[in-house]
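Based on the hints, put chain G in the right spot on chain W.
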Amino acid sequence: MNQLFSLIWFTLKEVAFQRIYKILLFSLIIIPWLLLIPTSLFMLDMGKVFMDMLFTALHAWLTAYLFFLAVPLLVRDVEQGICSIFLTLPMSRGLYLWGRFIGVISSIVPLLLCYIISAVAAFFWAESSWPNYVLPDSGLSFCYGSMLILMPYLALAAVLFLIAAGASGSAEITLFLFSVWLICWALPPVLDALQNIEVAESTPAWTGMLLYGINQLLPDLSSSQISLSLAHQLPLHPTSVFAYCIQHVTYAVLALIAASMVFKRRDLS
Amino acid sequence: MPAVLTVTNLSKQYNHNLVVDNISYSLHSGEAVGLLGANGAGKSTMIKCILGLVHPSHGSTSHPDSSPSYLPELPQLPTSLSALALLRFKCSALGLNPALAEKSLMEVNLSTDSHKQPISQYSKGMRQRAALAMTLCGNPKLVCLDEPMSGLDALGRVEVLSLLKEKKEQGAAFLMSSHIVSDMVQLCDRVLIMAHGKICEDVLIQDHSLEEAKALESKLAQWTIK
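Listed in order, the protein sequences are those of chains W and G. Heads up: the first sequence is residues 36 to 304, going by my numbering. Heads up: the second sequence is residues -8 to 217, going by my numbering.
Honestly, I wouldn't trust all of these hints.
Just so you have them, the derived chain G footprint on chain W, three or more residues with Cβ under 8 Å [as the list claims (entries may be wrong)]:
1) 78 to 90
2) 283 to 292
Okay, derived cross-link-like pairs now, DSSO-like style, lysine-lysine, Cα gap no bigger than 27 Å in a straight line [said to hold, decoys possible]:
3) G:115 <-> W:48
4) G:115 <-> G:158
5) W:48 <-> G:158
6) W:57 <-> G:158
No lab work stands behind these hints, which were simulated from the structure alone. Predicted model, so just to flag it, every value in this text is computed and none were measured. Backbone N, C-alpha and C fix where the C-beta goes; we use that ideal spot for every residue, glycine too.
Extracted from the complex, chain W is given alone in its bound form (with noise of 0.2 Å):
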């Protein structure tokens, strides 16, 4: 357990020390006010378009987080070998991918806590500014929106663990991380709409059940319901929420599992 607290706050901190981290710190802390500016063209819908925005902002660097900082911390340790630093401490080839898995995500965690506060501070100023065009609470429900919006990239990184875990160098990694990505935006919406009542009335049962199985493989990155139904102050089911939540989290589970497995069998040359 020591060497794993260990890695994850070597990780933490190598991801926090590099340039790049200070600079997606900052910025984060200065877009939700810069996003007020083509809010205010909205001003009828000026709650619902701003917390679109922020969730559109959030998804656009949580994928540069991932591209940016993520990619290359697993390029260096696999293709330059810095994870022989690790291995030969030693430490288990599956204890060092879940530590850095880790310590990733939880490089994650202050740059949220700083686009949510500034962004729930940008929400309390214009609640004061156009109590009019912004609903009460909306703050809050961009917090719970936050969170959840996280999950599915939890998913991804996971996957971006399994891509590494046998890639061999960064070409490769990243264009798999894309596909994978392309795919995970734009195929969900469009097997969520297959199976519509409206289609499925009108299609064999086993379609619905295949494209029920294809869509569980994998994660639904874009999260445009919990996105919708929060900046439209639409109630969302707490059972609904929980499965969501267990859902990605097994995915980056399992992921993790498979990573493991093909790393371990794998020759660090």
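Then chain G, alone, in the frame of chain W:
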């Protein structure tokens, strides 16, 4: 004296290319064994098999008392952190006294000012010293060194050799791969000449002299040409 490392019939094959071919030897406490060979002779692959970074195709390695510490040929370190942070991590992960981190950096003569600087600001020689400090921190019983003198100037090589000799006298066993025969002769008790994945000759070092180094170089040339 019990062996700290035993290599038994070790082979490694990549596709149809036999990189390490049926190698066996043992290494005892306080002993230093050198691996000498041309590029591609299989030295680094064998070291990686011992460390568990590469899975052997046949045979086994065992190090019952302790896990080997490793200095890679081109040590890559996380550049956003300082050498001190790196060594503190090792101490924390192994449950060692954190004060050992600073002590190890002092041992390799890495200036105190640089301890807290990010590694990205280090010169090549400083990185090599930091990596060596990381390897020797905690007084490991078995140390695998792959080209430990690369990137060091003449004075640095003398300092590092003296440190390695001191550790050897304290009981550490060394498996060292190097192209600098004179350095190897000064530290090692035995030198294994490797060519085409095999140990061609096991040479006992008698008086650690320059003449011995020259003789070893000519033997290496002879085996490499064959």
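**OP:** Find the hints from earlier in the document that the structure breaks and name them by number, from lowest to highest.
**Re:** 1, 2, 5, 6
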